[in-house]
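**Student:** One-letter residues, chain by chain:
Number of protein chains: 2
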Amino acid sequence: MVLTESSINPSILKAHYGIRGEIYIKAEKIRKKLEEGVEDIPFRDIICANIGNPQKFDHKPITFFRQVLSLVEYPDLLEKHNIENTKKLFPKDAINRAKILLNNIEKVGAYSASQGVENRDGHPSSPDDIFLTAGASSAAMLILQMLISHNNIGIMVPIPQYPLYSAVISLFNGKPVLYYLEEDNNWSMDIISIENAFEEAEKNKIQVKAIVVINPGNPTGACLTRDIIESIVKFSEKRDLLIIADEVYQENIYDDDLKFISFKKVLRDLQLQYPGRYNVQLVSLHSVSKGTIGECGIRGGYLELTGFDDFVKFQLYKLVSISLCPPVPGQIMVDLMVNPPKKNDESYKIYKKEMNYIKEVLKERAKRLKKAFDEMEGVECRKVQGSMYLFPRIDIPKKAILEARSLNKSPDEFYCIKLLETTGVCVVPGSSFGQVQGTYHFRTTFLSDGNIDERLMYFHKQFIDQYR
Amino acid sequence: MVLTESSINPSILKAHYGIRGEIYIKAEKIRKKLEEGVEDIPFRDIICANIGNPQKFDHKPITFFRQVLSLVEYPDLLEKHNIENTKKLFPKDAINRAKILLNNIEKVGAYSASQGVENRDGHPSSPDDIFLTAGASSAAMLILQMLISHNNIGIMVPIPQYPLYSAVISLFNGKPVLYYLEEDNNWSMDIISIENAFEEAEKNKIQVKAIVVINPGNPTGACLTRDIIESIVKFSEKRDLLIIADEVYQENIYDDDLKFISFKKVLRDLQLQYPGRYNVQLVSLHSVSKGTIGECGIRGGYLELTGFDDFVKFQLYKLVSISLCPPVPGQIMVDLMVNPPKKNDESYKIYKKEMNYIKEVLKERAKRLKKAFDEMEGVECRKVQGSMYLFPRIDIPKKAILEARSLNKSPDEFYCIKLLETTGVCVVPGSSFGQVQGTYHFRTTFLSDGNIDERLMYFHKQFIDQYR
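As given, the protein sequences belong to chains A and B, one line each in that order. In terms of UniProt numbering, the first sequence opens at residue 1 and continues consecutively. In terms of UniProt numbering, the second sequence opens at residue 1 and continues consecutively.
Heads up, none of these hints are tricks.
One copy or two, it doesn't matter: identical chains are merged, so the pair holds either way.
35 Å max Cα-Cα, derived DSBU-like pairs, lysine-lysine: (1) K205 x K318; (2) K32 x K265; (3) K88 x K99; (4) K26 x K265; (5) K99 x K359; (6) K238 x K14; (7) K313 x K32; (8) K318 x K398; (9) K399 x K461; (10) K99 x K26; (11) K383 x K409; (12) K461 x K318; (13) K349 x K363; (14) K399 x K318.
Bear in mind the hints are in silico, worked out from the structure with no lab data behind them.
Please work from the sequences and hints to get the whole structure.
**Tutor:** Take a look at the structure:
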C-alpha cells in the first residue's frame with residue numbers, strides 16, 4: 001500500500017478543519033438513523049448550525065438570479081419556437097440578461113465585478129486585477145500558495161479565525177502567526193497585540209509576509225471601523241506585509257450604526273491623501289456564497305489585486321489555469337450579484353423584497369439567539385454585528401472539564417458533542433477557530449428557522465446542572 | 001512589495017502549463033484586434049485548437065442534460081402555478097429527473113457514479129469510494145497533494161503528457177519521473193522503458209510512489225489494450241506504486257476495433273483470478289468535461305478509490321472539505337452523465353441522436369485532419385484512436401531551427417507562433433507535453449468546424465518552402 005496513515009503527506013495530517021469535522025460527521029450519522037426511523041434518539045431532526053450555508057435552511061434563492069441562471073443553462077428557451085411560452089414563465093429583464101450573458105460569457109464576470117467594486121468604493125477598479133475563482137476559499141488558497149515560498153514563511157491570522165486559513169497554511173507548510181482579537185471589545189482588533197505577535201515571530205526567525213483580516217469577522221461577526229482598517233494598512237506598510245482582506249460577509253451587517261468599509265477603499269483613500277505612500281499589496285476576497293444571495297453550491301467568487309505587477313499577475317493566471325478554473329455558473333452568479341436588477345427593471349421590486357426579507361430574517365434570528373445566550377447562566381455573547389455567526393463564551397464547570405479530559409476531548413468539544421447528542425444541534429467548538437487558553441466558545445450560525453434557541457437553552461441548563 | 005518575481009513561491013515559477021500559455025495569450029490579443037476591426041491581419045478569426053473544450057465550437061450541449069439543469073436551478077418552474085407552461089417547454093422525464101435531484105441533491109452524485117462504474121466494469125463500486133470533484137484536474141491535484149509527502153517523492157508521468165501532471169508535481173515539490181511513450185507503436189506504452197525509468201529514478205535516490213496513466217492518451221489519443229493495462233498493474237504491484245488512471249476520454253474512441261477498458265476492471269479481474277494478489281491502490285479519474293457531453297464550464301468530475309483504508313479516505317474527505325467543494329451543477333451533471341435517459345424515456349431518442357451525432361462529427365473531423373497531415377511534407381501523424389487531439393510530428397528545417405534559437409524559442413514553439421500569426425490557428429507546441437529530444441510536434445484538437453485543415457496545409461507548405 002502506498003497511501004497509508006504513515007506515508008500520507010504530513011501537512012495534510014496537520015491541517016485541521018473543524019467545520020466539517022468529527023462532530024459534523026457524527027451529526028450526519030444521527031441524521032441517517034433518524035431517516036431510517038431509529039427511535040431512541042431524543043429529538044426529531046438535526047440543525048446544522050455548523051455551516052454558513054443559508055439555503056440549507058428556509059432561505060430561498062433570489063428569484064431573478066435563478067431565473068437568469070436557468071435560462072443560460074438551457075438557451076433553447078430563448079429560441080423562436082419557445083420564446084412565447086418562456087415569456088409566460090420568466091420576466092423580460094431575466095430574458096434580456098440571459099441573452100447578454102450568453103453573448104459575453106467569457107468576459108462577463110471580471111468586468112461586472114470591477115464595476116461593482118468601483119461603485120462600492122468610489123475608486124477605479126480594473127477587470128485586469130480581478131480573478132474569478134470557485135468561491136473565496138479557492139482565492140485564499142491561490143494567494144497563500146503564491147506567498148509561502150519556503151517552510152519558514154509566516155502568515156498572520158486572527159484568533160479566533162475561520163480555519164480555512166490555518167488549514168491552508170498547514171497544507172503549504174507555512175507558519176501561522178497568531179494575533180488575538182479582543183473579545184472584551186466586541187472582538188475588534190488591537191494593533192498593539194498585532195505588533196507584539198509580529199515581533200515575537202521575527203524573534204523566532206519567521207519571515208512574516210502577510211496578514212489575514214476577516215471583516216466582518218468569522219466566527220466573531222466583528223465589523224471593523226475605518227480607524228482600525230487604517231491602522232492595519234499603516235502597520236502593513238511599516239512591516240512590509242501583504243494584506244489578505246476576506247470580505248465575504250460585506251453584505252451581512254445587522255447593526256444600523258455599523259457600515260462595511262473595504263480595505264481597498266481605505267488603502268486608496270490613504271494613497272490619495274499621501275501621494276507616494278502606502279504602496280501596500282492588497283488581495284480582497286469576495287464570494288457569492290454569503291450575503292443575502294447565499295449561493296454556496298454554485299461556487300463563485302473573485303479576488304481583486306491592488307498593487308501587483310504584471311509578472312506576478314501572469315503567475316496567478318497560470319496557477320488559475322492549472323488548477324481552479326471557476327465554474328461558469330459561478331461566474332454568472334458573480335455578474336448577477338454585483339449587477340442586480342435596477343430601479344426601473346421589471347424584477348426590481350421582487351428582488352428588493354427578497355433581499356430585504358432575508359436581511360430582516362437574519363437580523364431577527366441573530367437577535368433572538370443572542371437573547372437566548374444572554375439568558376443562559378455562565379454564557380457571554382458579544383454584540384450582534386455581522387456575518388452569519390455568534391461565538392458565545394461558555395464557562396464550563398470543572399467537573400465537565402475533568403470528564404472531557406478523561407475522554408481525551410477538549411472541554412468545548414465535549415460540550416458540543418453533548419449538545420448534539422441531546423438536542424440535534426450541530427455547532428463547531430471554539431477550539432476549531434482558536435481561543436485564549438482556558439476560555440471556551442462555540443460557533444453557531446443564526447440561519448436556522450427551527451427552535452435552535454430553545455434547544456440550546458434546554459441543553460445548557462441541563463449540562464450546567466449536571467456538572468455544577 | 002511582498003509578492004514580486006524574486007519572492008514568489010519558486011514552485012509556481014517552475015510549473016509550466018502551455019495549454020493556456022504565451023501562444024494562447026497572443027491568440028487572445030489578436031482576437032481582440034480582430035473584434036476591434038484592425039485590418040492588417042491575414043485572417044478573419046482565431047481557431048482555438050489548443051483547448052479540448054467542445055462547446056467552444058459548434059458542439060451543442062446535450063439537450064436533456066441542460067433541461068434538467070435549468071429546472072434544478074429554478075425550481076419554481078415545477079410549482080403548481082407554473083407547471084402547465086413548464087410542460088410546454090420541457091419533456092416529462094426532464095421534469096421528473098429534476099424533482100428527484102432536488103429531493104436528493106446531497107446524495108445524488110456519488111451514488112449514481114458508483115452505479116455507472118458497476119455497469120461499465122461488471123464489478124462492485126461503492127459510493128463511499130467515490131469523491132465528487134470540480135473536474136478531473138481537481139481530483140488529480142488532491143491525490144498528488146496526498147502523495148507528495150516530501151521533496152524527493154517521484155511520480156511517473158508519460159511523455160508526452162497532459163501538462164497538468166508535471167505542473168502540479170512542480171507545485172507540490174515532487175519529482176516527475178518520465179517514461180516515454182512509443183510513437184512508432186501508435187503511442188502505446190512500453191513496459192521495459194517504464195521499468196528502466198523507474199530503476200533510473202531509484203538509482204537517483206528518488207522515492208517513486210505512483211504512476212500516472214492517461215487512457216485514452218492526451219495528447220496522443222492512444223487507447224490501451226488489456227494486455228498493456230495488465231502489465232502496468234503487475235509492474236505497479238512489483239514496485240509498490242499507486243496507479244493514477246486518468247480516464248476522462250473513455251467515451252472518446254473513434255476506431256471500431258478499439259474498446260475502452262478501465263484500470264478498475266482489469267485490476268478487479270486480476271484480483272478475482274489470483275486471490276490475495278494485486279493489492280494495488282488505484283485512483284480512477286473521470287469528468288463531465290470530455291466525452292460527447294463536453295461540459296467543461298460546469299466543473300464536474302469524480303475520483304474513485306480502489307484499495308484505500310478509512311483513515312486515508314477521511315484525510316481526503318478533509319482535504320476536499322477545506323479546498324475544493326465541488327459545485328452543485330457539476331454534481332448534477334455527473335449524475336446525468338452516468339445516468340442518462342433510458343430506452344423508453346421520452347428524451348431517449350433525441351439524446352441518442354445527439355450523442356451519436358457528436359461522436360460521428362468528431363470521428364469525421366479527426367479523420368479529415370489526419371488526412372491533411374498525411375498529405376503534408378515532413379509531417380507524420382499516428383493512427384486516430386481516441387481523445388480529442390492529434391499530435392503530429394513535424395520535421396522542422398534546419399534554417400527554421402536556427403532562426404527559432406536566435407529568437408530564444410524552441411523550434412516547435414516557433415512553428416506554432418508562425419502558424420498562429422499566419423492563419424489564426426492556435427495549437428500547443430509539443431515541448432509543452434514533452435517529446436523525444438530533437439523531435440518536434442504540436443497538439444491540435446479536432447473539434448473545430450472551421451477550415452482548420454486547409455489553414456494548416458497552407459501554412460505548412462509556406463513554412464517549409466521558406467525555410468527549406
